[in-house]
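Novice: Letter by letter, the chains look like this.
There are 2 protein chains.
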Amino acid sequence: MENSIRATIEAKINQKLTDEESDKLNKWFAPIQVEKSEQIVFEGKVCRTLYFVDKGLMHTFIIDKKGECNTVQFGFEGYWIGDMFSFFSGKPAIFNVEAIEPATLFAMKYSDFEKACNEIPKFESFFRILVQNGYLSSLQRIAKSFTDDAEKRYLSLIKQQPDLQQRVPQYLVASYLGIKPQSLSRIRHNLSKNKSG
Amino acid sequence: MENSIRATIEAKINQKLTDEESDKLNKWFAPIQVEKSEQIVFEGKVCRTLYFVDKGLMHTFIIDKKGECNTVQFGFEGYWIGDMFSFFSGKPAIFNVEAIEPATLFAMKYSDFEKACNEIPKFESFFRILVQNGYLSSLQRIAKSFTDDAEKRYLSLIKQQPDLQQRVPQYLVASYLGIKPQSLSRIRHNLSKNKSG
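Going down the list, the protein sequences come from chains A and B. My numbering applies: residue 1 is where the first sequence begins, and numbers increase by one. My numbering applies: residue 1 is where the second sequence begins, and numbers increase by one.
Incorrect hints may appear among the rest.
For lysine-lysine, the following DSS-like pairs were computed, each having C-alpha atoms within a straight-line distance of at most 25 angstroms [claimed, not checked]: (1) K144(B) to K159(A); (2) K66(A) to K152(B); (3) K65(A) to K91(A); (4) K152(A) to K55(B); (5) K180(A) to K27(B); (6) K159(A) to K65(B); (7) K144(B) to K91(A); (8) K55(B) to K27(B).
Calculated from the structure, these hints are not laboratory results. Given the structure is predicted, the values throughout are model-derived calculations rather than measurements.
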């Protein structure tokens, strides 16, 4: 486990880990390298591993009934990615996860996750906050899909992740917003016109 | 706190509460009666109370950009309802909650929730599981919105809640499924034709 993950945990729980706790956790995180476009989670297959993004960029997507790919989440540095549903339930994954950029991840298996929660209460607290925040984000996303138009959702996305436009292909951003790439081009064009006008 | 809520907690954590723990929790849940159509959570206003549905039926809804009401969750007996976002963050609610049927609820304030988590570890465990399950359900709902058509989502809804058709007005079921009431009538008509045919 690199410093990035220790720092993430400490920031979230607002407490320091001891070196002993950090060393223990270290054993349960395995570094892995993934290539660009490499897929690590497959819809329909059980995946009891969760990934911390140390470097690079991942995304979670789902194939809709028309066979089209829909991005539901981006995983930038410091994000956790995987299929939480499969991870906790042991049932087949409902999402796919693949690399948009070559990435370095830290992988944690469910059995080690359970050990970590039992042996390091601070890790359990950290994870409880992570799940709670994930839940609140998904509720906000459901709410915004009703109340905010695509332009507003695009603006909030780039505010949250300013390097999104440089790192994510436009067709994936459009898919995340649930609009056609042409509509995203129109939105971006209007925004740049208003900015310069 | 009535037996229904004690039973819900015990079933979820697979452990018994002592009478002392149950008596303690009792102090933090206030029974309230709501009339049919009475609204208890308002989008835009902070709501740091969470409700357990003991009797009756509630729903969570959101007003979309066209001014139309969209049901995002039903709260049958044994469900928890409210605005989790506002409850945990202290920010304005993103949803509305109102009664579909006259209801008896048990209300818990955030300050008492914190006391309950600190003083009764079993309650904290229960709530962690509740939030985790809520998160997984919202992920499943997002996935199904891409993969399942309205008929499939309707069938899975009535399987989960068999008395839904008797208790929830059709326009609210249609709104939950994100379709027009006429489309729901067509789905129900086709299903009954296939059943009898």
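Novice: Next, verify each hint and record whether it holds.
Specialist: Okay, the hints, checked on the actual structure:
For the given pair, K144(B) sits about 28 angstroms from K159(A) by alpha-carbon distance, which is inconsistent with the 25 angstroms threshold. Among the hinted pairs, K66(A) with K152(B) is consistent with the structure: their alpha-carbon atoms are about 15 angstroms apart, no more than 25 angstroms. Taking the CA atoms of K65(A) and K91(A), the gap is about 21 angstroms. The hint holds against a cut of 25 angstroms. Of the pairs offered as hints, the one joining K152(A) and K55(B) is violated, with about 39 angstroms between alpha carbons and a cut-off of 25 angstroms exceeded.
Of the pairs offered as hints, the one joining K180(A) and K27(B) is violated, with about 53 angstroms between alpha carbons and a cut-off of 25 angstroms exceeded. A threshold of 25 angstroms between alpha carbons decides the hint, and for K159(A) with K65(B) the separation of about 22 angstroms falls inside it, so the pair holds. The hinted pair formed by K144(B) and K91(A) meets the criterion: a straight-line CA distance of about 15 angstroms does not exceed 25 angstroms. For the hint pairing K55(B) with K27(B), the CA-to-CA distance comes to about 20 angstroms; that is within 25 angstroms, so the pair holds.
In summary, the structure is inconsistent with hints 1, 4, 5 from the numbered list given earlier, while agreeing with the others.
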